[in-house]
Amino acid sequence: MKRKNMNKYISFALIIVAYAVMMALSAAGKTTRSMQGMLVPICAYIVMAISLNLTVGILGELSLGHAGFMSMGAFTGTCAAIMLTDSVPSAGLRLGLSMVIGAVFGGIVGFLIGIPVLRLKGDYLAIVTLAFGEIIKSIFNNLYLGFDKYGLHLQLLSEKGIKLEEGGRMLIQGAMGISKIKKISTFTAGFILIILTLFIVYHLVESRYGRAIMAIRDNRIAAESVGVDVTKYKMTAFVISAAMAGAAGALFAQNYSTITANKFDFNTSILILVLVVLGGLGNITGSIISATLLTILPEALRGFATYRMLVYAIVLIVVMLFTNASGTKILIDNIKARFGGNKEEEEQ
Amino acid sequence: MNKKMFSVVLAVLMMAVCVSGVFAQDAIKIGGTGPLTGGAAIYGNAVKNGAEIAVEEINALGGLQFELKYEDDAHDAEKAVNAFNALLDWGMQVSMSSVTSKPAEATSELNMEERVFGMTPSASSTAVIDGKDNVLQMCFTDPNQGSASAAYIANNGLAEKVAVIWKNDDVYSKGIYDTFMDGAEEFGLEVVSDTTFADGNDTDFSVQIADAQEKGAELVFLPMYYTPASLILAQADAAGYDPIFFGVDGMDGILTMEGFDASLAEGVILLTPFNADSEDEKTAAFVETYQELFGEVPNQFAADGYDVVYALAEACEAAGITPDMSAEEINDALIETFETFTFNGITGENMTWSEGAVNKDPKGMIIKDGAYVGLD
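Sequence lines, in order, name chains V and C. Using my numbering, the first residue of the first sequence is number 1125, and each one after it goes up by one. Using my numbering, the first residue of the second sequence is number 13, and each one after it goes up by one.
Calculated from the structure, these hints are not laboratory results. Be careful, since some hints might not be right.
[Unchecked claim] Quick list of simulated restraints, FRET-style, between CB atoms: (1) V:Tyr1274 - C:Glu351: 39 to 47 Å; (2) C:Lys380 - V:Leu1445: 52 to 60 Å; (3) C:Gly307 - V:Leu1445: 34 to 42 Å; (4) V:Leu1434 - C:Asn71: 26 to 34 Å; (5) C:Met124 - V:Tyr1274: 28 to 36 Å; (6) C:Met269 - V:Glu1330: 54 to 62 Å; (7) V:Gln1160 - C:Glu341: 18 to 26 Å; (8) V:Ala1144 - C:Met124: 29 to 37 Å; (9) V:Leu1440 - C:Gly169: 52 to 60 Å.
Here the structure is a predicted model, which is why all the values come from computation and not from measurement. Glycine included, each C-beta is placed from N, C-alpha and C at the ideal position.
Whole structure, please, built from the sequences with the hints as guidance.
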């Protein structure tokens, strides 16, 4: 119990210290533009990694379509923010609302997908979530949504039939995605979202729900035999994970002036999975660190010019090998023993 | 915990990201982002190569000096923004925006915000220049290409029954398709077959080709990049279907594509502003230098990159810009200069710009004996 608590405090402390340091640096004018430009994406990827960790690490089900939820949140959240431009003049409040809407839609889709998906296990579930991510991408690639004083106009495949009144605008234009997004995402909003996410995930893990979820992961049959409602707990974890991804999507999208559905493809899902695996399954602090490092790394390697992505891949392999080598594990355990007290906690 | 180790790694990485600030310089810094890696790399590298040649030539003249830096964006808006920020840290004074449309849409927003003058060689979407006073295009906009293609087909009596195969999850393809369809209606072309493909199912075109063949299309319009186009050409050939294939500037590059049998492209017509076989002195010199340095015939993207550098250099000269001016001062001076500026390059004569879009005429090219030949 003690170590679990410690992990939690480290996560919160890391985020708060990082936020304070970055704010101080930028107030002092010591940050570069690259660094500042990466702050919001880092926040979004941290939330993505933590939320996927809930599905993969804590619930123990491999999901390969996490970017689909991000996409859902990105599109719905951004559309909502655009529609609210006049009625909610405060950018901060509008961003908050759009993240909430992104989370709600992420959660709803998570629930709908969860109904068939959570009946499956292991590889089957992985493949179905993969297909789900592709479906979401295809839908947004062919969806045309306009908005005027009479409300929303939706059509598939072509925008030809959408006739907008004066003052109306197209929100989603198929493959062209959403254009002319107001960039309202801020580092502070990202920070608050991470803190909220951490709060929700730790609260869940430490609660009765969390124990049931981990019991299902460790031994489904045993859990069922003592009366744990497997579907209910699995669904809870899955929906929460999807909702957080939706909020992260809304934050991410409004950091750029344009987004397309192709951004949230299979590669993005895999990237997020890499973040989770690198940080350690079930290890929230690890997810935070790996999301930060792997977002900065390709930028830090710009000096290698053409060999950049090659070096990136090599670094990734080395890090994976290094963190998994028995020598390192012993070293880490020794450090833990010195500082952390008892350590016979859950190790996956 | 191994927090200490991580904090050290973090610190090292942060140091690596930090680039030192401003220092005295004697060259104007031009920066651009483009896909130097990944599926669209051929475009990014072509622009970069073309621009490098131009910078070397201009610097060799001894007048105003330039320094060029290209950063990789892998054809992704998020990475393009990162790349653009890295260029700002480097001290970029004039920007070549981005090579491809979606990344350019994101970076042109930064051009506007940061007041850095930008001119994109090849990002053809209208969203790149919409509502921005300091971003110009060297290439045609997508709508322009679609309607110009329809007009060209109708006016030259190439065909009456037309088939279109387009990529419905691609901004570029969609933009051209939309205006082509409007143009087709306007000029009385009958579109008998309208089929699509998307990322992931872009290797087998038998259905689309069969549809066009069955409905008797005499001409197949292919608003797409050259990779899928090459497969369509090969598969149509295998199916024994031999219509006129009509492409746009994305088709450029098909002849130099590795593993593609160039004889399949024989007879393909495309609209492009650049002709590598031109007798024009400047073009011939550029093609020769390019071949010497990079071992291949430059495509339209390389020519666009080359022209952008020359246009920027001439405008800087005309506006009396010096390397010690800030990006914002240069921006204001260039906006004013480009209002009345006329440029003669290898992708067109007497180019002028209005609201960011270029005014120049597209040229019809036909592929004959493995090379582009002007149609007119």
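For the range 52 to 60 Å, tell me whether the beta carbons of Leu1440 (chain V) and Gly169 (chain C) fit it or not.
holds (57 Å)
Is it true that the C-beta distance of Tyr1274 (chain V) to Glu351 (chain C) lies inside 39 to 47 Å, as the hint says?
holds (41 Å)
Assessment of proposed distance window 34 to 42 Å (beta carbons of Gly307 (chain C), Leu1445 (chain V)):
holds (38 Å)
So does Met269 (chain C) sit 54 to 62 Å from Glu1330 (chain V), Cβ to Cβ?
At roughly 58 Å between Cβ atoms, Glu1330 (chain V) and Met269 (chain C) fall inside 54 to 62 Å, so the hint holds.
Taking the Cβ atom of Lys380 (chain C) and the Cβ atom of Leu1445 (chain V), is their distance within the range 52 to 60 Å?
Between Lys380 (chain C) and Leu1445 (chain V), where Cβ atoms are some 55 Å apart, the hint holds.
Could you check the hint for me, namely that Ala1144 (chain V) and Met124 (chain C) are 29 to 37 Å apart, CB to CB?
Taking Cβ atoms as reference, Ala1144 (chain V) and Met124 (chain C) lie about 32 Å apart, which means the hint holds.
Cβ separation of Gln1160 (chain V) and Glu341 (chain C), checked against the hinted range 18 to 26 Å
Given range 18 to 26 Å: holds, Cβ gap about 23 Å.
Given the hint of 26 to 34 Å, check if Leu1434 (chain V) and Asn71 (chain C) actually sit that far apart at their C-beta atoms.
holds (31 Å)
Honestly, do Met124 (chain C) and Tyr1274 (chain V) meet the 28 to 36 Å range at C-beta?
holds (32 Å)
The earlier numbered hints are all upheld by this structure, with none contradicted.
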